[in-house]
Structures are given as C-alpha cells and as structure tokens.
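Here are the chains, one letter per residue:
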Amino acid sequence: MQNEWLYIGLFFVIGIIVPVVPLVFARLVAPRKPNPVKQSTYECGIETVGESWVQFKAQYYVFALVFLVFDVESVFLFPWALTLKQLPLFVVLEGVLFIGILVAGLVYAWRKGMLEWV
Amino acid sequence: MTFWNNPINFIGYWLNGILTGWHLPAAIASILLYVIGIIVLILFAMTLDIGLVWVERKVVARFQDRLGPNRIGPFGLIQPVADIIKMVIKEDITPDGADKIIYNVAPVLAATSVIVLWAILPLASTIYGVDLNVGLLFIVAAGALGTLAIIMAGWSSNNKYALLGAFRMVSNMISYEIPMVIILLIPTILANTMSVRGITQAQSGMWFAILSPLALLIFLISAIAELGRSPFDLNEAESEIVAGFHIEYTGMKFGWFYAGELLHAFTFGGFIAILFFGGYGGFFGLEKLAVLTWLNIPFVQALVFIAKATFGYWVIMWIKYSVPRIRIDHMLAFNWKFLVPLSLVVLVNTATLNKVLIVLPNWLYVLGMFGSNIVIGYATIEILRAYGRKQRKAEKIPEPQAHTQEQAV
Chain F
1 MQNEWLYIGL
11 FFVIGIIVPV
21 VPLVFARLVA
31 PRKPNPVKQS
41 TYECGIETVG
51 ESWVQFKAQY
61 YVFALVFLVF
71 DVESVFLFPW
81 ALTLKQLPLF
91 VVLEGVLFIG
101 ILVAGLVYAW
111 RKGMLEWV
Chain V
119 MTFWNNPINF
129 IGYWLNGILT
139 GWHLPAAIAS
149 ILLYVIGIIV
159 LILFAMTLDI
169 GLVWVERKVV
179 ARFQDRLGPN
189 RIGPFGLIQP
199 VADIIKMVIK
209 EDITPDGADK
219 IIYNVAPVLA
229 ATSVIVLWAI
239 LPLASTIYGV
249 DLNVGLLFIV
259 AAGALGTLAI
269 IMAGWSSNNK
279 YALLGAFRMV
289 SNMISYEIPM
299 VIILLIPTIL
309 ANTMSVRGIT
319 QAQSGMWFAI
329 LSPLALLIFL
339 ISAIAELGRS
349 PFDLNEAESE
359 IVAGFHIEYT
369 GMKFGWFYAG
379 ELLHAFTFGG
389 FIAILFFGGY
399 GGFFGLEKLA
409 VLTWLNIPFV
419 QALVFIAKAT
429 FGYWVIMWIK
439 YSVPRIRIDH
449 MLAFNWKFLV
459 PLSLVVLVNT
469 ATLNKVLIVL
479 PNWLYVLGMF
489 GSNIVIGYAT
499 IEILRAYGRK
509 QRKAEKIPEP
519 QAHTQEQAV
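Just so you know, the protein sequences line up as chains F and V, in that order.
Residue numbering for the first sequence follows the numbering used here, beginning at 1 and increasing consecutively.
Residue numbering for the second sequence follows the numbering used here, beginning at 119 and increasing consecutively.
It is worth saying that the hints were derived from the structure and are not from the lab.
Hints may be right or wrong, so weigh each one.
Claimed, not checked - In silico DSSO-like links for lysine-lysine, alpha-carbon gap of 27 Å or less:
#1 V:K508 <-> F:K33
#2 F:K112 <-> V:K508
#3 F:K38 <-> V:K278
#4 F:K38 <-> V:K473
#5 V:K473 <-> F:K85
#6 V:K473 <-> F:K33
#7 F:K33 <-> V:K204
What the hints assert, rightly or not - In silico contact screen, one side only, chain F against chain V (beta carbon under 8 Å); selected entries:
#8 I16
#9 V18
#10 A26
#11 N35
#12 V37
#13 Q55
#14 V62
#15 F70
#16 E94
#17 G95
#18 L97
#19 F98
#20 G105
#21 Y108
#22 G113
Claimed, not checked - Reference excerpt, derived from the structure (chain V facing chain F, CB under 8 Å, subset only):
#23 V158
#24 M164
#25 T165
#26 V234
#27 T244
#28 I245
#29 G247
#30 E295
#31 I328
#32 I446
#33 L465
#34 V484
#35 A497
#36 E500
#37 I501
#38 L502
Each residue gets a CB set at the ideal place from its N, CA and C atoms; glycine is no exception.
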C-alpha cells in the first residue's frame, strides 16, 4: 500500500455507499402508504404529551469533565508508551508520576462525591 | 511470490498488469485496485455479517433452551436471507416531527463505523487492508463514530424513549472509553508499536493474554460496554424504554442497526484476538517446526483468525445472554470507582515491570508479568470484600452465611 490515508479515505467512501445501496433499493420496492396514525410517535399506545426534545437534566456533566481530563491524558500517554523501550527507567517513573497526578484528581473528585449519580 | 503465500499482492500485480495494459495512467490504476480490494473486503465482511445473524439467533436460542431458526434451509441456514428480504420490502416509516436528515444518516453511519474497522483488521500476515501506524487510535475513533450514530438516531427520532436511550449512550460512552483507551496502552507497551499488525507479530512467541490477563478482562468489559450489549444495554433496554434509540426505525434502517451491532461484536471479538491472543499467528513458535509450516499459509492464518474472533464473539454472546442488565448508577460507579483505578494500576505495573524484568530470561519475565497480574487481581478482590464487610457493618446487614442443604430447602 503506497498511500495509507488514501486507502482509508476510499474505505470510508465505499463504507458509506455499501449501506446506502440496500436503503435505496428498499425505497424502490417497499410500499409507501403513510397516514397520521402510523407516523405518530410510538409510545406504547398512548398519545405523547408535550415536546419530545425537552431539556434534560444532564446528571453526568461532572462525569463528562472527568472524562475529558482522562481522555486528553491518555493521548499524552500514547507517545510515552510507544517509546518506553528506548528510554531509561527514569522516564518510566516520570510517566508513573504523571499518572499519579491524575489519580490524585480522581481521588479528589471521588472524595467530593462527584462520582455519585444523583 | 506465489498465489499461496501472498494472494493479495499476486492478484494485485496481475490486475495492475491488465489495467496498465489498457494504457491507464499508473495513479488511476492503483486507485482502481484500491477500490476493487476495498469492495471485496467489505463484501466479505457483509457476507460474514449475514452468517452472524444466523449464528446469533441460533446461539441465543440454545442459551434460552429453544431450537432457533430451523425451517428455511438445512438448520435454518437460509433464515438470514429471508430476514433481509423481509426488511427490504417492509414499509419505511419516518415519524412526524423527526429531524429527517439526521434520522436517515444515523443508520448508515452506524453501519459505516463498523465497516471501516475492517480497513485495519489483519486477517493474515499478507491479507489486510492497511497497516496504519496509529491503528489503535483508529479503533477508538471508529468506535466513537458508532456512538455518535446512536446519539443521532436517538435525538432525531422525536421520541422520548429514543432520547432517553441516546442520553444513556452518552453516559455509557464517556465512562467506558477511558478504561478501554488506558488498556490499549498495554499492548502498545508490550509490542512497542501501535500498528495492529505489529501487535499481532509481537505475539508470535507469547500471547499478551498471558502477560496481562487483567488487561484482557478490562478490555472485554469495556468492549461490551462500547458495543452497548447486555449487561450494558441501557441504551436499548427493552423492558424500560422499549427499544431505546432505534424505537422508531423500521425496515432496512433498523436492519442496519441490527447488522451493525452483530458485525461490531464480531469485530471486537477479532480485536480481542489480535490484541491478546496473537491474531492470525501466536502459535508460540510452533509454526517454525518443519511439520507445521503450513500454519504460515495466509488462508490457514485467516481461518485461525476467524476461529479466534468467533471465540471472542461467542464469549461476548455468552455474557450477553447470561447476565442481567445493571442499573445506570451502578454502571457508572463500577466504571469510575473500579475499572478506571484498576486499569491505571495495571498500566503502571506493566510499564515498570516490563522495563525491570526484560533483562531476565524469557520464562522468568513471563512468570513475573503473569504473577504480578494475579497479585493485583487478588488484592483488588480482597479490597472489595473488605469494603463490602465495612458497608454491611455500617448498615447492620448480617454477614452472608454459607447455605447448607437444609436452608436451601
């Protein structure tokens, strides 16, 4: 393979086309008889009350914050993990120290009760 | 180079010869070759997917003490074909007030996110799409795309159940991606590469499952969570929110969610095989023996890989049909208070021990890695038990007694 990313790009394009083909085919052969009852929102037989796109209590926004911290951290750790073999033990321990700081953050969030689902 | 030891390149050169024989420019010829290769690979995955529908239905039937499909064809083998025909000719209903563009894009994206994983899946030493040097990050990225498809489907359906499913998927994703990404660092450390094929080759002598069994366990759990399968199927919990994110989908659009989920589970079975069981290889050096050199034939390797992936897929199914769904607060607590700290400990352990023990002879190195994982696992269980005892004491719940035969009666 001369160009990896060209291949990945082409893979994406064809990967989109392949699922679309049966959908287009279904569009051609499947019956289409819409009526208001059929197209109403499915809610186990009762009619829906109010708007569906309601404002939802985002209980997990703290989780999202902790997630962000760890996700960015793991991106930093990948180069570290890749070069471990060439580097001396000292660098390994530096990485451990870096993880330790993040663990301290996790412990802080835990102690503050941020990790409780309320 | 013959057809038997490098089929892809062999056919590639042959086709390239034909195409350049037609006086096509070399660039267009190579792009055409890419396209042909990709279509063959995707069609292979899709054919496998059709087979998986049958496998899944048959296996769930056996787990639930039923027979499963057995009418159409021998052992019901033609059943998936009938399923597909049914899905294609079903009426496609779009609910009123749905966000039409997002609603229609979501099932396609759900399928695409799984299909693109096959671009980096090495089926054999010479049969693979592309050998990305950031393969592991590609897995995570494609997985996030699938999650996005679920969120899009849930949001655009204009249905409260679907929206609940999507919200649950968000919480699912933002927690279980962390242990998964941290655990992906462990094959990186052990193999010293992020390329999926490189990781496979690094295991020709010793499986990473033996060097780090805890990593395998955590990866399995977070893979199941990422797949949204039971016990983490909160996004489509039938008994609570009917079908969750795909409640409004009918016909082939539902079909893509279903097919995508099955292929995703199988693909993750494949990734478990690649990351921890040596993928297409990993015969502990046996393939170097004169009587066993046929293990190096690409088609045999591909069969070995499919067998290992099917085993991983079967374990995922086994868990799905045996374990009840867990509550969302338990799920998040399990992730943040158990899996994340444990995976960090495993990471630190692997990074340091790998550096310290590498000077030792090979068998001692393997023993040290394996033993350290056992010690960590044992310590974890002991900490959990001590915590449980403390909590029972605080709430004055009697300690669980060993049940004798009479008590059970």
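Outcome of the hint check:
1. V:K508 <-> F:K33: violated (63 Å)
2. F:K112 <-> V:K508: At roughly 20 Å apart (the allowed maximum being 27 Å), V:K508 and F:K112 satisfy the hint.
3. F:K38 <-> V:K278: Holds: F:K38 and V:K278 sit about 17 Å apart, inside 27 Å.
4. F:K38 <-> V:K473: violated (64 Å)
5. V:K473 <-> F:K85: At roughly 7 Å apart (the allowed maximum being 27 Å), F:K85 and V:K473 satisfy the hint.
6. V:K473 <-> F:K33: Given pair V:K473, F:K33 is violated - Cα atoms ~67 Å apart, limit 27 Å.
7. F:K33 <-> V:K204: holds (17 Å)
8. I16: holds (5 Å)
9. V18: Because about 5 Å separates F:V18 from the closest Cβ in chain V, which is inside the 8 Å limit, the hint holds.
10. A26: holds (4 Å)
11. N35: This interface hint is violated because 10 Å lies over the 8 Å limit.
12. V37: violated (10 Å)
13. Q55: F:Q55 check fails; min Cβ-Cβ to chain V is 11 Å, beyond 8 Å.
14. V62: violated (10 Å)
15. F70: holds (5 Å)
16. E94: At 11 Å from the nearest chain V Cβ, F:E94 fails the 8 Å test, so the hint is violated.
17. G95: Cβ of F:G95 sits 6 Å from chain V, so the hint holds.
18. L97: Where the cut-off is 8 Å and the nearest Cβ of chain V is about 10 Å from F:L97, the hint is violated.
19. F98: violated (10 Å)
20. G105: Since chain V brings no Cβ nearer than about 11 Å to F:G105, farther than 8 Å, the hint is violated.
21. Y108: violated (13 Å)
22. G113: Check failed: Cβ of F:G113 comes no nearer than 12 Å to chain V, outside 8 Å.
23. V158: This hint is violated: V:V158 lies away from chain F, its Cβ roughly 11 Å from the closest one there, beyond 8 Å.
24. M164: holds (7 Å)
25. T165: violated (12 Å)
26. V234: Interface hint status for V:V234: holds (5 Å vs cutoff 8 Å).
27. T244: Where the cut-off is 8 Å and the nearest Cβ of chain F is about 12 Å from V:T244, the hint is violated.
28. I245: Violated. Min distance 13 Å.
29. G247: Since the shortest Cβ distance to chain F is 7 Å, the answer is holds.
30. E295: holds (7 Å)
31. I328: violated (19 Å)
32. I446: Since the shortest Cβ distance to chain F is 7 Å, the answer is holds.
33. L465: V:L465 check passes; min Cβ-Cβ to chain F is 7 Å, inside 8 Å.
34. V484: Violated: closest Cβ of chain F sits about 17 Å from V:V484, beyond 8 Å.
35. A497: violated (16 Å)
36. E500: violated (20 Å)
37. I501: Check failed: Cβ of V:I501 comes no nearer than 14 Å to chain F, outside 8 Å.
38. L502: violated (15 Å)
Taken one by one, the earlier hints fail for this structure at numbers 1, 4, 6, 11, 12, 13, 14, 16, 18, 19, 20, 21, 22, 23, 25, 27, 28, 31, 34, 35, 36, 37, 38, listed in ascending order.
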